[in-house]
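Novice: As given, the protein sequences belong to chains A and B, one line each in that order. Reminder that position 85 of the first sequence reads as 84 in numbering that gives the first Met the number 0, one-by-one numbering, no gaps. Reminder that position 134 of the second sequence reads as 133 in numbering that gives the first Met the number 0, one-by-one numbering, no gaps.
Since the hints were derived computationally from the structure, they do not count as laboratory data. It is possible that some hints are incorrect.
In the DSSO-like style, the derived pairs of lysine-lysine whose C-alpha atoms are separated by at most 27 Å in a straight line are [stated by the list, open to error]: (1) Lys20/A x Lys410/B; (2) Lys330/B x Lys526/B; (3) Lys77/B x Lys234/B; (4) Lys99/B x Lys186/B; (5) Lys55/A x Lys410/B; (6) Lys212/B x Lys61/B.
If you want the ones that stay clear, here's a sample from chain A, every Cβ over 12 Å from chain B, calculated [as the list claims (entries may be wrong)]: (7) Asn16; (8) Thr102; (9) Glu115; (10) Asp122; (11) Glu138; (12) Pro140.
No experiment lies behind these values; they were computed from the predicted model shown. Glycine included, each C-beta is placed from N, C-alpha and C at the ideal position.
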Amino acid sequence: MKGSRILLVDDEVVFTNNMSKLLNNRGYLVTAVNSGDSAIQKLEGEDFDVVVLDLKMPGMDGITTLKEIKKLDLFTETLILTGHGSIDTAMEAIKLGAYDYLTKPCEIDELVAKIEGAWEKKDDEQQKDMQEKIQKVVESPKSAFSLFGKKKSGK
Amino acid sequence: MAEDKEIKGGIYVNNVEVLRERQKHYYARFFRRFAFLIIVCFLIPLLFVGWGINFYYTRFAKERMTSSFHAQVENHRKIIELFLRQRSSKLQLIAHTHFKEYLGEVSNLARVFEMINLESSSFTDLGVIDGYGRHLAYVGPYDLMDKNYSDAFWFRQVMEKGLYVSDMFMGFRKVPHFIMAVTRQEKGERWILRATIDTEVFRSLVENVRIGKTGEVYLLNRQGVFQTSPRFRGKIMERAPFSAEPVHEGTRIRILEGGTDEQKQRIPRRIVAQTWLTEPRWMLVVTQDYSEAFSEVNHANHATLIFLFLSAIGILIITVIITKHMIEVIKRRDVEADQLNRQLMQAGKLASVGELSAGVAHEINNPLAIILTERQILLDLMGQTPALDGNFREALLESLSQIDVQVQRCKRITQNLLRFSRRTTSVIETVDLNEFIAEVVELMEREAKTSGIKFSPDLEEDLPPILTDPSQLQQVFLNMINNAIDAHEGKSYGSIHISTRSDDNAQGVQVVFADTGAGISDENQEKIFDPFFTTKPVGRGTGLGLSICYSIIKRLGGDIAVQSEEGKGTVFTLFLPYSPPPDLMESINKVAEV
Chain A
0 MKGSRILLVD
10 DEVVFTNNMS
20 KLLNNRGYLV
30 TAVNSGDSAI
40 QKLEGEDFDV
50 VVLDLKMPGM
60 DGITTLKEIK
70 KLDLFTETLI
80 LTGHGSIDTA
90 MEAIKLGAYD
100 YLTKPCEIDE
110 LVAKIEGAWE
120 KKDDEQQKDM
130 QEKIQKVVES
140 PKSAFSLFGK
150 KKSGK
Chain B
0 MAEDKEIKGG
10 IYVNNVEVLR
20 ERQKHYYARF
30 FRRFAFLIIV
40 CFLIPLLFVG
50 WGINFYYTRF
60 AKERMTSSFH
70 AQVENHRKII
80 ELFLRQRSSK
90 LQLIAHTHFK
100 EYLGEVSNLA
110 RVFEMINLES
120 SSFTDLGVID
130 GYGRHLAYVG
140 PYDLMDKNYS
150 DAFWFRQVME
160 KGLYVSDMFM
170 GFRKVPHFIM
180 AVTRQEKGER
190 WILRATIDTE
200 VFRSLVENVR
210 IGKTGEVYLL
220 NRQGVFQTSP
230 RFRGKIMERA
240 PFSAEPVHEG
250 TRIRILEGGT
260 DEQKQRIPRR
270 IVAQTWLTEP
280 RWMLVVTQDY
290 SEAFSEVNHA
300 NHATLIFLFL
310 SAIGILIITV
320 IITKHMIEVI
330 KRRDVEADQL
340 NRQLMQAGKL
350 ASVGELSAGV
360 AHEINNPLAI
370 ILTERQILLD
380 LMGQTPALDG
390 NFREALLESL
400 SQIDVQVQRC
410 KRITQNLLRF
420 SRRTTSVIET
430 VDLNEFIAEV
440 VELMEREAKT
450 SGIKFSPDLE
460 EDLPPILTDP
470 SQLQQVFLNM
480 INNAIDAHEG
490 KSYGSIHIST
500 RSDDNAQGVQ
510 VVFADTGAGI
520 SDENQEKIFD
530 PFFTTKPVGR
540 GTGLGLSICY
550 SIIKRLGGDI
560 AVQSEEGKGT
570 VFTLFLPYSP
580 PPDLMESINK
590 VAEV
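Sequences and hints are given; from them, build the entire structure.
Specialist: Now the structure itself:
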């Protein structure tokens, strides 16, 4: 979906720069950071639809970053992009709640397809959440104040 | 290049030969040391015990034999003494019971002579001699009536002592003889009754007591003159070649060492017993060859020696057999240890290469990803720049597509490396190997056909299904077939034979891939499972295929072996267990739990 907000997390600056350009060319709003810590900081301040996360990074690694993202409880899907062929780690990431994984090097089209899938999933979940909330407000209008604003991200 | 290979080959062969030679020396040295130790350990106690038993037996046996020899000599002395005493008693009895006048009559003397010789004719003659040495009467074979003995030694002795037994002497009759004389005091006058002892009777009494074949008995007087004839070396009345012992009591036994006599005749070692008679003072000498006297001991000694010799030979034979057996066992153990070592080394190599591969793959994948993004950026830029020169555009596109091809190639390599690093997840399923092989063959058939290669499967009917990882197994089988096809390069046709056989004893299935390709040299057979070893041209093989196969098969609890003959073909024999090893199952379960 064009206009989706993508957070690109990878310690390779050249890679993030190039990927940002390519994704921007394809209509995405890309923010690139080069560490897990910066990613968490960004997520705390801004809303993103999809996080593209590298697994092997100095400092906070991909798995820890993923766990931290999950703690934030946002309407954001995480896509793992790893140069490390360890499928075991990728599988672990999926078990921790990542949307899917891709191994480097990958074609831009593959990545775009996965991002689209992630966005759709995120959108579905957001819609479902919204409907549940509306339902609750219809049933009990007083609860409206407490319900909205539970999740930071939300259109 | 070819020369180089030959030189390298030569060095390799030489090294192997040097190693074999060294090993041979090692075993030979081991054999010698071990054999020596066993021999020393067995032989020394045997010799010690043998020597000890023999020593004590010899000592006791010799003591027993010597004492029996001693007793024999003592008895003989007593017999001789008894003989002489009886004769002298007879004379004394006659002298003291008859008057001189009576015995002075020859007829009376002859009757008495006859009477004393009735029992045994041990007297040769009998004479009565007055105090002046004159014969009064004589009965005997010689004419001695006119002889006067007043100057004779024996006459003086008997007049002095009353009883006298002479040494052997020739006397008037010129034959060796000895006399016995007694005196009687009658009416203030002394007279003598004198008798000659029958030398033959006496000699036979003394000499005929023979001891064995080499024994001899004789008498010596104090001057060392033979009183009887010895059996060897000497005659009666001759001086003995040795001097007589001083008079002593009892019987002395000595061992005389052998040597040669004056005639240069060999005298053997002898046992000698010497004892002095009381009257006359003659020395009874009994000798026997040492070897005969102690023949029993010598036999025992020989028997012991033979026994020891046979035992030693037995020990030698047993030692050789045991040592050879031990060396064989050690050789076998060494070979097993060597194989185990090689397997461990192989496993170690694979593990370290695995670790390395994972790191390298990651490090390469990142730049590859960047290259791909750069390529994509260029493509994007081209898309945004429509007014690009046609030729330039084409050339650029071609370059970009080549970049993609090469990146994909690199990706394949890194993927292979990663697969090798064992970091892939296993999924264990029930697999019908026959069906599975058929699928793989179908997959490869097109490629094989273009190379002129036929498949000839020989799959066992009712092959039991096995529990294994199909995706990894597929990789192994594809690799096997790929290699088999590649081995036919340069040949216009060939075949790949694939067979399956179940083995209930080993609890698994044997899968054989046999090709008619180029084969593998003996030298290379040792290296084919090593990572990065390849004989394929640069760019064609990573040298990881068989390493990965080896590592997969080992992980699945199986085994892989190769047999090959250069120019004829190669046979890979794979063993796959009915179910994978428990540790693999455990690790899979753990991953599933995460």
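Novice: All hints are to be evaluated individually against the structure, with a verdict given for each.
Specialist: Comparing the hints with the structure gives:
no., hint, verdict
1, Lys20/A x Lys410/B, "23 Å, holds"
2, Lys330/B x Lys526/B, "24 Å, holds"
3, Lys77/B x Lys234/B, "24 Å, holds"
4, Lys99/B x Lys186/B, "10 Å, holds"
5, Lys55/A x Lys410/B, "18 Å, holds"
6, Lys212/B x Lys61/B, "19 Å, holds"
7, Asn16, "9 Å, violated"
8, Thr102, "7 Å, violated"
9, Glu115, "17 Å, holds"
10, Asp122, "26 Å, holds"
11, Glu138, "40 Å, holds"
12, Pro140, "44 Å, holds"
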